[in-house]
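Q: Sequence:
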Amino acid sequence: MDERWEPLEEDFWNLPTLEAARHLLGRYLVHETPAGTLVGRIVETEAYLGPDDRAAHSYGGKVTQRNRVMFGPPGYAYVYFIYGMHECLNVVTAEAGVPHAVLIRALEPVASAAEMARRRGLPPEEVERRLARGLPEPRLTSGPGRLTQALGITRAHYGHDLRRPPLYLTRGEPVPDRLVGRSPRIGIDYAGEARDYPWRFFLRDNPYVTRFPRRKPEREGGGEADLILRAKR
DNA sequence: GAGTTGATCACT
DNA sequence: GTGATCAACTCT
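For the first sequence, the working numbering assigns the number 23 to the initial residue and increments by one for each residue that follows.
The hints are simulated quantities; they were obtained by calculation from the structure and are not laboratory data.
Be careful, since some hints might not be right.
Here are the in silico distance ranges between beta carbons for each label pair [what the hints assert, rightly or not]:
#1 G82 <-> G156: 41 to 49 Å
#2 L157 <-> A178: 38 to 46 Å
#3 R155 <-> R88: 38 to 46 Å
#4 L201 <-> T86: 33 to 41 Å
#5 K84 <-> L157: 42 to 50 Å
#6 A154 <-> R88: 38 to 46 Å
Listed next, the in silico SDA-like pairs over lysine to any residue satisfying Cα-Cα at most 20 Å (straight line) [as the list claims (entries may be wrong)]:
#7 K84 <-> D74
#8 K84 <-> G119
#9 K84 <-> A213
#10 K84 <-> V101
#11 K84 <-> A216
Just so you know, even glycine gets a beta-carbon here, dropped at the ideal spot from N, CA and C.
Using the sequences and the hints given, assemble the complete structure.
A: Quick look at the structure:
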């Protein structure tokens with residue numbers, strides 16, 4: 023039998039946020055739409071641990087219209103709009119009152135890639151051909167703004183329970199530690215000391231993981247997800 | 001390196 | 001309420 027499509031274990035939502043971010047890797051994100059069931063496998067995440075994390079929207083602990091769902095119980099969607107054009111999806115983690123969330127940064131397409139291509143403004147047949155040949159098509163779902171566009175996720179999903187259709191998580195294909203990489207988070211240079219926290223998790227050598235913008239790998243291998251430290255400022 | 005608009009914040 | 005600032009990004 024195929025466990026990939028089973029619901030997430032219910033005690034997943036009891037995990038501390040950094041473990042949740044690590045163990046979201048390999049899971050399937052499923053969106054059932056009239057145009058098809060869009061599915062991607064999570065290959066990159068970032069943890070945001072307010073109120074002490076300067077990069078988190080919940081930094082400082084103040085509840086706003088935008089961040090309020092982060093303060094609620096885990097398992098719900100925090101979708102925000104950024105740079106005037108992109109939507110980003112987070113999974114709320116940690117118990118109510120602890121404003122943590124995990125940003126989904128990249129997916130690997132699993133089903134309905136042609137429909138994802140349409141939504142992304144890419145030629146569906148061409149994309150399907152590439153994927154059928156085993157070639158990657160990162161423009162589909164590589165990046166937090168791209169994957170929401172590909173799966174049709176918007177602020178209309180704000181506060182949605184990610185255990186329920188039409189948008190939910192399943193067990194997917196679990197990932198062993200040796201395939202997990204770790205690094206500082208992307209795009210938060212303003213966040214002071216928090217910019218160096220290694221709270222980004224990704225699948226090693228997966229073509230859908232976003233590139234490293236500003237750091238060099240320090241070392242290789244290692245059983246436990248090993249650290250990649252920033253080179254300079 | 002520019003684009004684009006909404007959320008937040010410091011004020012009136 | 002009003003206006004300034006700037007963002008957990010993407011594409012050229």
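Q: All the hints need checking, so say for each whether the structure fits it.
A: Results for each hint:
At about 47 Å, the CB distance of G82 to G156 agrees with the hint of 41 to 49 Å. The given range of 38 to 46 Å is broken by L157 and A178, whose C-beta atoms sit roughly 33 Å from each other. Judged by the Cβ atoms, the range 38 to 46 Å given for R155 and R88 holds: they are separated by roughly 42 Å. Taken as a hint, the range 33 to 41 Å holds for the pair L201 and T86, whose Cβ atoms sit roughly 37 Å apart.
The supplied range of 42 to 50 Å is met by K84 and L157, whose beta-carbon atoms lie about 46 Å from each other. About 41 Å separates the C-beta atoms of A154 and R88, a value consistent with the hinted range of 38 to 46 Å. A C-alpha spacing of about 11 Å is found between K84 and D74, which places the hinted pair at or below 20 Å, so the restraint holds. Only pairs whose Cα atoms come within 20 Å are accepted, and K84 paired with G119 is accepted, the gap being roughly 11 Å.
A distance of roughly 17 Å separates the Cα atoms of K84 and A213; the hinted pair therefore holds under the 20 Å criterion. Restraint check for K84 and V101: the C-alpha separation of about 18 Å stays at or below 20 Å, so the hint holds. Annotation: proposed proximity of K84 to A216 holds, straight-line Cα distance about 18 Å (limit 20 Å).
Violated hint for the displayed structure: number 2, the only one.
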